[in-house]
Amino acid sequence: MGLIKDAFHRMGSPRFFYHGSSLWVRGLYVGGGLGLLVGSFWGLVLAPPDKYQGHSFRIMYMHVPSAHLAEMVYFACAVAGFVYLVWRMKMADVFITAAAPVGAILTMLALASGILWGMPTWGTGWVWDMRTTSVLVLLFLFFGLMALRQAIPRPDRAAYSVSILALVGVINIPIIKYSVDWFATLHQPASITLASEPTIETSMLWPLLLNAIGLYVFIAGVILAAMRLEVLKREHATEWVRAISKSR
Amino acid sequence: MTLIDEFYNWAMMDGHGVYVWSVYVISAVTLVVLGAWPIRAEGRLRARVTNRVDEDSGA
Chain A
1 MGLIKDAFHR MGSPRFFYHG SSLWVRGLYV GGGLGLLVGS FWGLVLAPPD
51 KYQGHSFRIM YMHVPSAHLA EMVYFACAVA GFVYLVWRMK MADVFITAAA
101 PVGAILTMLA LASGILWGMP TWGTGWVWDM RTTSVLVLLF LFFGLMALRQ
151 AIPRPDRAAY SVSILALVGV INIPIIKYSV DWFATLHQPA SITLASEPTI
201 ETSMLWPLLL NAIGLYVFIA GVILAAMRLE VLKREHATEW VRAISKSR
Chain B
249 MTLIDEFYNW AMMDGHGVYV WSVYVISAVT LVVLGAWPIR AEGRLRARVT
299 NRVDEDSGA
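Each protein sequence line maps, in turn, to chains A and B.
If you count by the numbering used here, then the first sequence holds residues 1 to 248, one letter each, in order.
If you count by the numbering used here, then the second sequence holds residues 249 to 307, one letter each, in order.
It should be emphasised that the hints constitute simulated quantities derived from the structure, not laboratory data.
Everything hinted at is true.
In silico lysine to any residue, SDA-like type, Cα no more than 25 angstroms apart, as pairs:
1) A:177 with A:217
2) A:177 with A:212
3) A:177 with A:189
4) A:233 with B:299
5) A:233 with A:10
6) A:51 with B:272
7) A:90 with B:287
8) A:51 with B:256
9) A:233 with B:298
10) A:90 with B:291
11) A:246 with B:291
12) A:246 with B:299
13) A:233 with B:293
14) A:90 with B:290
15) A:51 with B:255
16) A:246 with B:306
17) A:246 with B:304
Take a look, some chain B residues computed to stay more than 10 angstroms from chain A by CB distance:
18) 249
19) 250
20) 251
21) 252
22) 253
23) 254
24) 256
25) 306
Rough simulated footprint, nothing fancy, chain B against chain A, three-plus residues with beta-carbon under 8 angstroms:
26) 54-62
27) 113-126
28) 221-234
29) 240-247
All C-beta atoms, glycine included, are put in the ideal place defined by N, C-alpha and C.
Let the sequences and hints guide you as you build the complete structure.
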């Protein structure tokens, strides 16, 4: 417990975080990229076509991981918002600043792939049902986090306001998750749940898991790299940043 | 059927190829740009700080 507490306090230091994260970024990029390459090849070439959807189901291998990860990134922003509000930890605010644009892009990727999947299967790219609309709201929440920070000049006030918005907006996550169960929607219910056996064929499941893990790892690397950039932006006038820039 | 015909049929995916490949191309481009953005921006920022340090030291 003491070790975890110690690590938590040390990671709260921007300088310690910057030095401690340098090797992680490359490792996460390479690991995630490999996972995505193998998973995508498996999904595109080796997995059999779906009985009902034909080959269009292969869009699932990008759509599902990007949609799921976008939700998780927002949830992580809400946790970071809570940490900032309670402990005023600078790195929690750095995380929200770095993760919000990444989450927005993942949400756009999920929406774009959903539209392209809907065209051949639903006969339309977009319907205003609860799942698609709540994911669109998620995109606006990410935009809101970014815009709110830009709109408030005082950094501490901006961090406080963004943390509150991140916490309030987290109510949208269970709405997205359960929208297919609570409301009438064209979107299919979840094929993989913790409570029951997956309803997806094993030969189609493995590339999905591989792509999901690959995307999670890769995006962890992107957020870490974006956090390092944000730390440098905030600390650029300090002696340690000047020293590492000079040593290059 | 030649190898090219077989590849063409596979790439067309019974008419779904345009949707499937669009998703993968968009995703690949997005992820590459997303991965490169913080690394390049950090490099530019560090170069700016280095220039400022040089200016301050009169180099």
